[in-house]
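A.B. asks: Here's the letter readout for the chains.
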Amino acid sequence: MPALMPVASILLLLALWQGAALSIGGRLLPGPLVVAEALLREAESGALFHHMGVTLLRVLAAFALAMSIGVGLGLPMGRSPFIDRLFGPWLVFFLNLPALVVIVLAYVWFGLTEAAAIGAVAVNKIPNTVVLVRAGARAIDEGLIDMARVYRLSPADRLRHVLLPQLTPTIAAAARSGLALIWKIVLVVELLGRSDGVGFQINLLFQTFDVAGILAYTIAFVAVVQLLEYGVLQPVERHCQRWRRMPAEA
Amino acid sequence: MRGLTLSAAAGEVVALVGPSGCGKTTALGIVAGLDHDFDGMVEVGPRQDGGPARLGYVFQEPRLLPWRTVRQNLALVLPRAQRRGPAVDAMLDALELSPFADRFPTQLSLGMARRVALARAFLVEPDLLLMDEPFVSLDEPTALRLRTLLSQLLDRRPATVLLVTHNLREALALADRLLLLAPSPGRVVAEVPVTVPRAARDDATVEALRRDLLSRPEPAFRLLA
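Each protein sequence line maps, in turn, to chains A and B. Letter 221 of the first sequence, counting from 1, is numbered 220 in numbering that gives the first Met the number 0, and no numbers are missing. Letter 17 of the second sequence, counting from 1, is numbered 16 in numbering that gives the first Met the number 0, and no numbers are missing.
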């Protein structure tokens with residue numbers, strides 16, 4: 000029975016949607032079937048896959064950039080009070096910087112380019128990753144650091160075997176919230192300054208008030224992001240945490 | 000700590016014995032180069048081949064990486080080129096750890112985890128081996144088994160050892176020389192050489208040595224009681 004709950008939950012949502020569509024009606028709120036038709040139409044023409052693919056690539060590029068820079072800054076800030084005091088105020092500034100400002104300025108300064116688009120998205124996510132990773136790095140077990148120093152582990156070994164494994168839960172949390180945030184900002188970036196991608200497409204559909212099309216793209220992309228979460232992020236995290244679940248010695 | 004002076008000859012096993020709070024662990028941290036907040040000097044002689052001395056450290060807690068298996072924990076302290084070599088397996092064998100090689104430390108009992116920490120320390124072929132209460136909070140049979148393993152390892156491959164302990168029997172069973180420490184300020188108050196060869200120290204001998212120490216009239220020995 001508990002296994003069926005998610006299905007029941009989604010059916011309930013679809014029913015409510017259908018009910019609302021029937022009472023409001025028309026082009027403003029098309030029902031699930033109309034949206035499914037729009038989805039099929041876009042899929043058949045190939046437009047859906049083209050735009051989703053482009054957007055997905057941007058999401059992945061911005062995600063990789065934001066995570067590596069976020070960890071690269073957060074780890075030293077958590078380990079060194081000096082670096083933390085040096086860059087702490089910058090962090091406060093960037094945390095409070097509105098996404099839209101970053102995007103607009105990136106386009107103004109670097110032109111309507113792919114690099115400006117991806118960079119702007121990454122800049123929006125980096126401060127959040129830094130905060131999470133910094134907190135994780137502060138909680139690192141000093142005993143293991145001492146062990147690494149006594150046995151003269153190389154900096155690369157320390158990072159790979161001592162530091163990063165302790166940060167896995169933090170990095171996983173940052174990755175999860177990062178994916179959710181980044182794909183939303185990518186759409187805005189596309190709407191403002193790219194000529195393809197889901198965001199661009201939604202802008203076109205908006206101009207023709209094609210709500211069914213907008214919902215079709217939305218649902219398709221939410222599904223893909225969920226697939227990434229369950230198909231990639233969670234298995235990777237489980238693999239990194241497998242030592243926690245080992246049964247105790249019999 | 001004030002005016003704490005101690006020295007150990009190459010291959011000598013020196014036990015630092017004293018109540019908690021007399022700076023035994025701090026002294027080890029200073030020797031290991033982990034603690035720089037002190038006035039004084041630490042001098043570790045070079046190896047025979049002229050290279051810097053290699054250090055092994057058995058901490059009070061095993062300090063194994065919980066996300067790496069026993070074998071990986073051991074291999075990590077070796078230079079990259081030797082990690083897949085026979086040294087790790089030989090050490091696992093020597094300490095009867097082979098059946099546990101692919102377990103994670105969370106799956107080991109404390110005694111087993113301490114045994115892995117001991118294996119790791121010997122794997123680097125240390126010139127100087129620092130041990131901080133390596134057998135504390137183990138039941139007596141397990142502690143005894145580990146002490147025997149340690150003296151076998153030392154017979155096979157001698158190292159200069161600084162052993163911190165509050166257990167007089169343990170010190171008398173393993174060390175060539177005991178330094179008795181007193182607290183506030185932490186300092187050495189007495190020095191006791193143990194002349195009986197390590198291999199000949201059975202329970203009765205250790206007990207006799209212990210009684211002899213406890214019966215000495217100087218105030219330094221009263222701290223032991």
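No lab work stands behind these hints, which were simulated from the structure alone. Be careful, since some hints might not be right.
[To be verified] Residues from chain A that face chain B, not an exhaustive set, calculated with beta carbons under 7 Å:
1) Gly45
2) His49
3) Ile144
4) Asp145
5) Pro168
[Claimed, not checked] Over 12 Å on every C-beta distance to chain A, these chain B residues come out as not near it, computed from the model:
6) Pro65
7) Leu77
8) Asp211
No experiment lies behind these values; they were computed from the predicted model shown. Cβ coordinates follow ideal geometry from the N, Cα and C atoms, glycine included.
A.B. asks: Could you run down the list of hints and mark each one as holding or not?
C.D. replies: Now the hints, each set against the structure:
1. Because the closest C-beta pair between Gly45/A and chain B is about 45 Å apart, greater than 7 Å, the hint is violated.
2. At its closest, the beta carbon of His49/A sits 42 Å from a beta carbon of chain B; the interface hint therefore is violated under the 7 Å criterion.
3. The interface hint given for Ile144/A is broken, as the beta carbon of that residue sits about 9 Å from the closest beta carbon of chain B, more than 7 Å.
4. A hinted interface residue such as Asp145/A counts as satisfied when its beta carbon comes closer than 7 Å to some beta carbon of chain B; here the least separation is about 5 Å, so the hint holds.
5. For Pro168/A, the shortest C-beta to C-beta distance to chain B is roughly 11 Å, which exceeds 7 Å, and the interface hint is violated.
6. Non-interface status of Pro65/B relative to chain A is broken: a Cβ of that chain comes within 12 Å, the nearest being about 6 Å off.
7. Annotated as non-interface, Leu77/B brings its C-beta within 12 Å of a C-beta of chain A; the closest such distance is 9 Å.
8. A cut-off of 12 Å between C-beta atoms confirms that Asp211/B is not in contact with chain A; the least separation is 36 Å.
Hints 1, 2, 3, 5, 6 and 7 from the earlier list are contradicted by this structure; the remaining hints agree with it.
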